[in-house]
Amino acid sequence: MPALKRSRLQSVHAPDWPGIFKRLEAEATGPLLRDFYARGTVSGDTPIADVPFVALDLETTGMNAERHGIVSIGLVPFTLARIRCAESRYWVLRPRRPLSDASIAIHRITHEDLRRAPDLGEILPDLLDAMAGRIAVVHYRGLERPFLRRAVRERLGQGIEFPVVDTMELEARVHRRWKNGSLARFFAGLVGRHPESIRLAQSRQRYHLPLYGAHHALTDALASAELMQAQIAWRFSPETPLREIWH
Amino acid sequence: MEVEQIEIRNHLQQHLPFSELPDERLEEISGQVEIAYFRAGSKVFSVGDRVTDLSYVRSGAVEVYRRSGEIYNRLGEGDVFGQLALMTGKPARFSVRAIEDTLIYFIPEAVFRSLFDEEESFAEFVEVEDRTRLRQAASEQATASEFMTMKVSKLVRLPPITVTEETEIRQAAARMAESQVSSLIILASDPARDSSGGPEAESGSVRIDEAEMTGIVTSEDMVGRVLAKGLAHDLPVRDVMTRDPISIDAGAFLFEALLIMLRNNVHYVPVLDRGKLYGVIDLADVLSLETQNSLFVVRSIFLQNSVEELKALLPNVGASFVRMVNEDANSHMIGSAIAAVGRSFKQRLLELGHERFGPPPVPYCFLALGSMARDEQIMYSDQDNAMVLHDEFDPKLHGPYFKDLANFVCDGLAEVGYRYCKGDFMASNKRWRKPLQAWKDEFEHWIQHPKAEALLHGSVFFDLDGAAGETRMADELKAFVAERASQSPRFLACLARNAQNRTPPLGFFKDFVLEKSGRYQQTVNLKRRGTAPLVDVIRVHALASASQSQNSFRRIEDTVAAGFLTSGMAADLRDALEFISIIRIRHQAAAIEAGRSPDNNIDPEYLPSLERRSLKDAFTVLSNAQKFIKFRYRG
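Top line first, the protein sequences correspond to chains A and B. Going by this note's numbering, the residue at position 184 of the first sequence is 184; the numbering climbs one at a time, nothing skipped. Numbering-wise, this note's numbering comes out as the position in the second sequence, counting from 1, plus 247.
FYI, nobody ran anything at the bench for these hints, they're computed from the structure. Fair warning: there could be bad hints in the mix.
[As the list claims (entries may be wrong)] Here chain A is said to cover these stretches of chain B; the calculated rule only asks that three of the stretch's residues, wherever they fall, bring their Cβ under 8 Å from a Cβ of chain A: (1) 253-265; (2) 271-280; (3) 366-374; (4) 502-509.
[Said to hold, decoys possible] Chain A is nowhere near these chain B residues, computed Cβ spacing over 10 Å in every case: (5) G471; (6) P647; (7) S814.
[What the hints assert, rightly or not] Once the Cα atoms are required to be at most 25 Å apart in a straight line, the calculated SDA-like pairs of lysine to any residue come out as: (8) B/K401 x B/P562; (9) B/K863 x B/A808; (10) B/K523 x A/Q205; (11) B/K476 x B/E459; (12) B/K290 x A/R116; (13) B/K290 x A/A49; (14) B/K877 x B/A808; (15) B/K290 x A/T240; (16) B/K290 x A/Q158.
In this text, a Cβ means the ideal position worked out from N, Cα and C, and glycines have one as well.
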């Protein structure tokens with residue numbers, strides 16, 4: 001399969017993240033966020049091969065960032081060449097919003113676990129340190145960014161912004177090019193519904209990636225990192241500029 | 248800080264040398280692994296690269312090339328490479344290329360060093376394993392097909408999709424549709440995970456324990472049990488699920504999965520990975536891998552609507568037999584596959600019989616006897632079968648029905664290539680068609696009042712298996728026989744004496760003794776002088792140890808477990824049986840391919856000298872085994 005042709009439209013509209021970070025650094029009211037933005041971000045021209053990424057996955061009590069809370073965060077730093085488990089991080093957190101029985105069933109994290117767990121505020125310095133300077137990779141960007149934005153706003157009085165690469169959206173581009181029917185189905189799935197991890201598993205299957213258990217934030221983060229390596233290997237190239245895939 | 252990567256640890260733990268390491272070590276390694284994906288065709292290493300990690304193939308496959316470009320080795324899931332360069336500290340002498348899409352776990356040099364220095368088993372493995380694995384890989388590659396060597400886990404594409412028992416049928420169906428799957432695993436009502444908490448939840452393990460699975464529902468069930476019956480869609484899915492489905496281990500071979508599906512006539516089988524749910528495989532997936540094999544034949548058996556149509560499948564049976572032989576399947580695989588074909592013929596003929604004569608008035612079980620029951624069938628064997636009827640059977644009321652049904656099946660079997668049994672051990676014989684209690688009485692009589700002559704011919708009844716119908720009755724009979732036989736020294740002694748009747752064709756100087764006269768002059772009959780007496784010997788040991796297994800290889804295992812044979816004797820018996828069986832099978836396959844009718848007679852002169860020597864060894868094992876039972880079961 002040939003690499004995707006560069007879409008001019010996309011290049012023009014891709015956000016200027018280094019510029020945004022400069023502005024946000026100036027507007028930051030506290031040291032945590034100021035430092036985070038000060039550590040900057042690579043420019044959109046950077047070839048994917050040279051970009052430091054961090055795969056990020058949240059498990060939440062539901063789909064709505066306003067109503068639901070975060071129960072765990074997993075992150076795994078990586079580059080196109082290597083995923084580095086030694087630097088991965090995983091936290092179970094005490095959400096400020098109640099945990100439904102349904103989400104207990106999915107994540108298998110119990111009320112008891114959560115009673116002993118810290119609040120996101122306590123681990124926020126570590127989390128931001130691990131993310132700073134790296135481009136976040138998520139599977140379905142409709143989740144991680146809104147939840148973190150909201151959670152950080154609640155604790156620091158100011159939300160957080162950062163660029164993301166969405167492996168689900170990269171996969172959708174392929175569908176768009178392949179056949180319209182599956183695209184329609186794909187977007188039907190996106191509307192108002194939790195993009196289940198099963199979709200992550202299905203995407204991975206296309207690249208013959210192994211089957212991993214779903215709904216564990218660290219495993220899902222690892223799974224997304226591997227998926228992105230595979231997507232780049234098959235559909236893009238190491239020289240593709242970052243701006244073609246970030247949001 | 249180090250975080251444990253569960254998936255990585257779980258996988259390493261299944262493969263040598265990591266499977267030998269303590270848990271803390273595995274956690275340490277899994278936290279340090281680096282990972283990269285290699286698209287099929289891409290380079291992993293070039294000659295001269297500095298090697299900084301031990302590479303572990305997590306999925307996919309790679310080929311290792313010499314500097315000359317000549318292929319050196321092929322490695323797959325769970326294999327490691329790079330140890331040589333790490334141990335010598337020299338740059339890579341080989342290049343490595345991904346031949347499938349491949350995920351590599353890299354274990355950093357520092358971790359490798361500490362493992363090498365501190366873990367004896369690990370050091371031994373990386374030092375020695377390189378050469379032996381190469382040999383294995385080479386022989387596997389040369390002969391076996393994917394189908395024979397592929398593990399079930401390779402076919403699982405998605406984690407299991409689950410719902411709980413009280414989920415409404417409608418929701419369950421919706422879940423199937425949105426996940427695009429055709430089966431759902433049903434879990435027990437939410438167990439109180441709430442209060443348990445515990446280390447399990449903390450470590451974040453998301454794999455579901457086997458015990459939580461109570462059933463399975465397939466799209467076929469949704470059609471057959473819900474739509475066709477007009478069942479309300481808001482009933483709990485529990486009402487239409489199949490309870491306690493048969494499952495298979497992720498490490499089993501595909502052909503074993505296939506046999507399970509065929510034996511039990513199920514199309515979906517949950518896959519377990521060390522007691523945890525791993526996924527589901529379905530028959531269509533398995534069959535899509537191969538269309539020419541015996542399973543394809545089995546599937547088509549169920550699509551035929553008359554004896555004539557069934558008969559037309561015969562050439563396919565022969566072709567799949569030959570094919571398995573050419574693919575170097577072992578005798579157990581072939582014997583099981585051909586037995587599965589035979590079993591399917593019986594099942595289909597019975598279904599056709601039900602259509603013709605109506606549904607059975609009382610439950611019954613159709614028994615396979617002899618080689619089919621042992622899963623050791625080869626082409627063109629006699630039919631040995633019987634029927635167990637429910638104890639409510641009334642000869643006046645139900646007799647004619649079962650007579651018609653049995654005749655129909657036995658005649659049908661003869662049509663499709665299973666000759667009538669010369670000893671008349673067939674369900675069409677009224678004597679071998681009777682209620683369960685009458686069978687128990689019969690066995691009790693044989694066991695308590697053993698007569699050599701009767702048992703000589705009747706040994707076929709001591710290999711029995713349910714082939715169709717209420718197979719539970721067959722299981723009950725097996726258990727009964729195993730229990731009674733093991734407690735009757737006289738019976739065992741009698742059986743042991745019979746097992747010495749057919750001596751191996753070896754002369755005083757370990758030369759072959761050939762048939763002296765008749766059509767098969769100057770040949771050895773591999774069945775009469777080889778596999779049959781071996782099977783007899785093994786049966787005596789198995790019955791003595793109260794084993795309920797029917798297959799000879801399984802019986803050997805049971806016998807060792809019960810302490811009746813040492814593992815050394817068991818290994819000899821196993822090798823001898825396998826060797827003689829496979830020579831016999833190859834001989835038959837060659838005949839089929841040449842369009843001749845297969846027989847059991849070979850001329851040892853035509854065997855390669857190595858095989859001739861091995862055949863003598865195998866016969867010597869048989870001879871010794873016969874001497875041993877003579878002494879062991881004296882009554």
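Query raised in the report: Against the structure shown, which of the earlier numbered hints fail to hold, in ascending order?
Result: The structure conflicts with hints 3, 4, 8, 9, 11, 12 and 16, although it agrees with all the remaining ones.
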